[in-house]
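The task is simple: from the sequences and hints, build the whole structure.
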Amino acid sequence: MNTFSAYRPFPDATTGALAIVLVALPFVLPSVTLASELVVFAVGALSCTFLLGLVGLLSFGQGLFFGIGAYGAALILLHSNSGSLVAVLAAAAMAAIAAAIVGFLSVRRRGIYFVMLTLAFAQMGYFAMLALKNVTGGENGLTGVPRPPIVADLGVLAHPQAVYAFLAAICFLAFVLTQRVASSPLGSVLRAIRENDIRADALGYDVRLFKIAALAFGGFLAGLAGAMHTIFLGLAPPNTIEPEMSERLVIMAIIGGTGSPMGALIGAGFYVLLADFLSTLWPRWLMIIAFLMIAIVLFLPNGLWGSAELLIGRWKSHRARAVSPEPVDG
Amino acid sequence: MQGQVILFQLLNGIGIGMIYFLLSVGLTMIFGLMRFVNFAHGTLYLVGAYTAYSVSLLTGSMWWALAFGPLAAAVIALISERLILRHTYEMPHEAQILVTFALALIFQESIILIFDPLAKNVPVPSLLSGIVFIGSFVYPAYRLAVVFAAAVIAILLWFALERTRFGAALRAGSESTEMVSLLGINVQKVFMVAFLVGGGLAGLAGTLSAPLRGVEPFMGSEALGVAFVVVVVGGIGSFTGALLGGLLIGVVQSMASSLWPEGARLMIYGAMALVLLVRPAGLMGRS
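These protein sequences, in sequence, are chains V and B.
The working numbering puts the last residue of the first sequence at 1193; the count rises by one with no breaks.
The working numbering puts the last residue of the second sequence at 290; the count rises by one with no breaks.
Everything labelled a hint here was simulated from the structure, so no lab data went into it.
Just so you know, even glycine gets a beta-carbon here, dropped at the ideal spot from N, CA and C.
Listed below are several chain V residues computed to face chain B (Cβ distance under 8 Å; list not exhaustive):
1) Arg972
2) Ile975
3) Tyr976
4) Val978
5) Met979
6) Leu982
7) Phe990
8) Lys996
9) Ile1117
10) Arg1147
11) Leu1149
12) Met1156
13) Ile1157
Computed spacing ranges between beta-carbons, pair by pair:
14) B:Ala152 to V:Asn1102: 34 to 42 Å
15) B:Leu277 to V:Leu897: 41 to 49 Å
16) V:Gly1007 to B:Phe151: 48 to 56 Å
Structure, rendered in structure tokens:
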């Protein structure tokens, strides 16, 4: 029914739908900065969607890798002459390495213990940022980060529209890459681990190693989102590495539904737009999001995208039955 | 470091460690009993601390706060267990985590709504505001009182768990809930009492730490992370594990703060990583 639970040829219809959405966003939304914020968090939420939906790993620690990506990109851009693309990719690679190290420690425990460890390591990242204030700027974060052209002199990021185009392109590639991984043999093994890791182990797969690989890929996506966030804002504020960032990414993934990568886009879009709207009305809007999350966990376990898919499926079969006449006996 | 400084930091560490123990013991007890991880556990610490703040502001006495802080947390733990949490026992772990996490967010936002997002100081009880001389060694009376109070509670708790019928039911419940209920013990009631006591202790941890560190709305989520570290280090489901883990983490944090003040909080996660490498199941955990 969706890309995560069954093998499906790649690229598929959702890839095309994603391209259309990304092109349409800056024209549909009230501002292009809102569109940029949306695609940044779509990639961030995708890291949680991938881990929970495909591998069954609930990580409350993706904010750590988001933060490493954000600070890593800011440091590279501040202290070297590399272009924006190299900075973003290098920062994402740093986050992936960090995720592999944290993964090495946390896959020693399974289930609930694993979730607790991801949360603890996310807090560690925040305290590390405060402790290393010579590098990270402490509570002030890193400001005045330049926004050089994408590669050499090509792709000048002077206008918000150009920034959006760059970020949307990365977002598209990140989604395609995730779909590719999910429909690869590696993806099948990861699904097997999600369904029954003891059986996967018995079949001869090194479950720990596969989990670490999945966590590294999730860390890569989160770091990518963090680096995109730095390009988007032109600074790396401390809230990119606060534990709240981890929580935000999890909430987005859950609201959207983790059955398909598209859930991340829907969840991030829903959260960013709702936050943009509610924050002007009531400063404590997070409470509404929390109630919403309880409602989704209790009543829509597939999230918004999963429920929509279910409805469309039912509607289609209903119509098919209504249109096709009863077979007449010959 | 000189001997005096080391002794001072060691005592501070034991004080913080005892508070960490009180914070974590409910979490580990409830997990052992029901395999239920309460991501809203830090909220009870938050409620305890803010109740202490309000009561000491209203009555001018920290003694009333000491009584009401744990009480408020225990009542909230009980109400949330009866109204919401018990409906999630049959759900997958992920759903439990997300529901309790959302609950913690709701409480955090409510605290900001009722008070404000700023940090506030809470006075030390006037009787304990002075210092104590031990020979030539000087130490704040309140911190010493915290260590003693927590030690008394730890002993009482150990006694209740090991030497009473209820404690036996609770320990047996953590081995096999089904068997205990077949023996005619009302398991629902045991769950309720575990929540009540565990919540009250987390509230007490918040109350006791309020004069030491003040109160702010985000202390709950921070406390949750610390409780997880203690539980991972000590081994989940184990009373002694929570005590050992709490003390170890408290002493590490306190010692590190005199060597590298900015990195003190960082060190507790370093200690956790080390324990994970050497003993993945925790100091007292059964793998």
